[in-house]
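> Here's the letter readout for the chains.
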Amino acid sequence: MRRWIQRTHLAGFVALTITACARAEHVPVRGGIAVTDDAGRRVTLAAPARRIVSLLPSFTEILFAIGAGDRLVGRTTWCDYPPGVLAVPSVGDAMPPSVEAVAARRPDLVVLYRAGPNLTAAEQLERLGIRTVLLDLNLLEQLGPAARRLGVLTGHSRAADSLAHVLDSLASQPPASSTRSLAFIVWDNPPIVIGAGSYLDRLAALAGARNVFHDVGAPSAQVSIETIAARDPDFVALLSDSAVPPRYAMRPEWRVVRAVRNARFLFLPGQLFGRPGPRAAEAIRELRRRLEAAR
Amino acid sequence: MRYVLLAAAVLTTLTAALLLGPANVPFGDLLASPIVWQLRLPRALLAFLVGGALGVSGVGLQALVRNPLADPFLLGLSGGAGLGAVVAIAFHLPGPWALPLAAFVGAVGAMALVYRLGLMSGAELDPRILLLGGVAVGAFAAAITTALVSLAEATELRNAFLWLWGGFSGASWTTVLVILVYTPLPLVVLFAAARPLDLLALGDEPAQYLGADVRRLKRLVYLSASLLTAAAVAVAGVIGFVGLIVPHVCRLLWGRLHRTLFPTAFLAGGVLLAAADTLARTVVAPRELPVGIVTALLGVPLFAFLLRRWTVS
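Protein chains in written order, with my numbering: chain A, 1104 to 1398; chain B, 53 to 365.
Derived by calculation from the structure, the hints in this document are not laboratory data.
Take the hints with a grain of salt, since some may be wrong.
Just a sample of chain B residues kept apart from chain A, beta carbon distances all over 12 Å, derived [to be verified]:
(1) P74
(2) G80
(3) P94
(4) R95
(5) L262
(6) E340
Covered by chain B, per the in silico footprint, the following chain A stretches (three or more residues, Cβ under 8 Å) [stated by the list, open to error]:
(7) 1155-1164
(8) 1341-1347
(9) 1353-1360
Some chain A residues well away from chain B (every beta-carbon gap over 10 Å; in silico) [as the list claims (entries may be wrong)]:
(10) R1174
(11) P1248
(12) D1264
(13) V1319
(14) A1321
(15) A1324
(16) V1326
(17) S1327
(18) I1328
For clarity, every value in this text was computed on a predicted model and none was experimentally measured.
Every residue, glycine too, gets a C-beta built ideally from N, C-alpha and C.
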């Protein structure tokens, strides 16, 4: 029936009617809950979700941070924090999500990151009768709203609101005065750096370091070694779990960059820095500590 | 006159590549700046040499398969190089040279396979077999590459593709040295084959009657052109289009004799790629464009203009 409606001209009309009804019932009936996700869809549940599959490490961390970790019945292979999450069955790397593996966990809510292939996966899951919520999570300021909505959907609103409050106030802080500069180099050939439209750029600013590629609006961009040398950052920040200098550090063309030549590397563990998460404040403190230690 | 123009273009391009860049190097410091010595100069030379190698390789292959659409990468080389690069990353082969070396090995492997296919048919290196074999081997390698990519860790492999799509970010004196080691032999072989290649344009049999050792000629040309391309892949990834268009441009401007075609294709290919790389580095600074995009944006209008003039006259 639903599929038939989607295929006909009625679809638009039906959708309109449903939206109208939903709007009329803006205040959900007793026990029912609803949020609007970042794809503009209204996600309604009769009761707080009890079986959740999280398809992004950041969502997994948020769910644990608001006390809904025990509701998790599926995670990705990348979800490795907090340690307790490893006991939850994995549904694969979720790039793109395996709809079958997710459905096999019989979830009543699947949390997805809003991006191309995930939109299709969400549609397919909905067709199987599984509710999905699509959330943005690229920037520090998106953490609070994501936590709030996950709180509503899991019935952990109070914990979620207080976490969101902390994250929101962190996001609205003015950048700390910076005396030092850094460049995040995520790949060497071709050189790819982190720009202003990113979580890491904001973390650096709050930790008191200026990203020398803050003028690049995109989350990341390809640049030349020459540009990095000309911008002359004090530090090169790398997402790396070990403190081994990258291979390229020995190459003559890279040694033109002062920070590389002087081995001024900041090794940032991926678990804490590689994704926006509820531990943002801890990440900022850690980065500040490392900046000061490297003085 | 046209040769003077070409020489001027070579000089202008190389000078511009040294003078222009996202970093502001004062004119007086040009000779002392490590930015010029360690970054711009090796990069300009590398782009020039790779462009030259691809141009010459394109001339050789187009003459060999007698097909104007032949491109050094049409014969399965890019597929093989891609597979090599992805294998190097997926299996964490150590060392800074693992990736280029694996790409080189992959390209040579694909070349050997296509070559073997070409020898199986009755006619020696039948152009049709070479082209079809190249496409088939390329598709097969691409399939394995995709399988590896979808099974292995994604972020690193995405970056492998960035490398593979070509560019001169990794240029250094070492990479210049690598291409200087690889290219002279195939270049000499091809230049020496200029006269018999002119005969080959008449067809296999006429060339044979006119005294060319067609069998040997085809094998040498095929191996040399492929080696040039594989060397280019090893230092700069897959930069398409140069090897396709430069031979045509040179044929339109300097005629069809291979004696002039080879040197002009080398210089014109070098100019095109060095100019494209200079633009790639500077036009959207501080960001950088993939050089293949710039070669296409520069080359296609020029090519269309020449084609029009050629068809009108």
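> Next step is simple, just say for each hint if it's right about the structure.
So, going through the hints one by one against the coordinates:
1. P74: Check fails; 4 Å does not lie beyond 12 Å.
2. G80: Consistent with the label, G80/B stays out of reach of chain A, its closest Cβ about 17 Å off (over 12 Å).
3. P94: violated, 7 Å
4. R95: violated, 8 Å
5. L262: holds, 48 Å
6. E340: At roughly 5 Å from the nearest Cβ of chain A, E340/B sits no farther out than 12 Å, so the non-interface label is violated.
7. 1155-1164: Our answer is that it is violated, as 0 residues pass the Cβ test (under 8 Å) against chain B, missing three.
8. 1341-1347: Coverage by chain B is violated for the stretch 1341-1347 of chain A (0 residues, Cβ < 8 Å).
9. 1353-1360: With 6 residues close enough to chain B, the hint holds.
10. R1174: holds, 28 Å
11. P1248: holds, 26 Å
12. D1264: Non-interface label stands for D1264/A: nearest chain B Cβ at 34 Å, farther than 10 Å.
13. V1319: Since the minimum Cβ distance to chain B is about 6 Å, V1319/A lies within 10 Å and the statement is violated.
14. A1321: With a cut-off of 10 Å, A1321/A comes too close to chain B, as the shortest Cβ separation is near 8 Å.
15. A1324: violated, 5 Å
16. V1326: violated, 5 Å
17. S1327: violated, 5 Å
18. I1328: violated, 6 Å
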